[in-house]
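**Student:** Can you make the complete structure from the sequences, with help from the hints?
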Amino acid sequence: YQSVVAALNSGKHVLCEKPIGMNARECQEMIDAAYQNGKFLMEAMWTRFFPCYRKLRELIHGGSIGEVVHYYGDFGAAMPSAEEAPRFWRNDLGGGGLLDLGCYVVNPLTMIFGPKMPRSISCTGVVDPTHAVDTFAAATVIYNDRQYAQLTSSMLRHTFEETLIVGTKGKIRVHYPAHAPTKLTVYIFGETPETQRQVLNEQTFTFAVPQKYKTMFPGSEGMMYEVEEVVQCLDEERTQSPNYTWHEMMTTMKMLDEMRRQVGVQYKQDGRAKSKL
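If you read the sequence shown in the working numbering, its first letter stands for residue 1, the second for the next number, and so on.
Do not rely on the hints blindly, as some may be mistaken.
Calculated pairs, DSBU-like style, for lysine-lysine (alpha carbon to alpha carbon, straight line, at most 30 Å) [unchecked claim]:
#	residue 1	residue 2
1	171	12
2	171	183
3	12	268
4	212	18
5	18	254
6	171	254
7	214	18
Just so you know, these hints were derived from the structure itself, not from any lab.
**Tutor:** Here it is as structure tokens:
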């Protein structure tokens, strides 16, 4: 994060790879530097800017499935060993599943439920005793008596990696791979007591990612969408994206901090970890 702060203090706009920092304190310092220098800053949470996710935001905020009551997010990938890819396993570099993969399932919370902290977070997981990083974690996030989320992340195995969102009028499924999505399906329930458990209307939306560039990972061509977002924001002389605000970035990092605290992963950059709730 020192490089981000230095760039902002030097008058540069910054798009910073996710997660934007090791913890919320670092995130806040970067935001403060962007604000003080009047420069653009955004975490490169590229998933948010895929056409599929823009459609998801439109459906949720437009009330297509009514009030959202449940969100399920999952991302698991069989990561290389510590010998093959040390970064994933080094505590001093922010290793572990929560910051590398869990950020993808935590991030949609602010888009779905708003940029506020939940009422409670209950998170458990396993910490590798040799490397002091989490290998997998599972969290239940409760906002109120009606709205909650269930999230899982894993460095051990590839999982189904789909996103499921349930509302009072219907539900949405973002198909695999949810971190680089190209397909979602909307299911609308009936409105009468006899049909409210039945899906009376089903519609699938598909968004092809242009194959313009040679990339390292499948779907990485989609990074062009976040670049387009940044360019538009700079053209409009914005310092933050209206589709992913600083408030949302901070709330996401605070939730990740709390999850790590409960699982038992602490980085030297944390200082003394405190509950964010």
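**Student:** For this structure, which hints from the list above don't hold up?
**Tutor:** Structure breaks hint 1 only.
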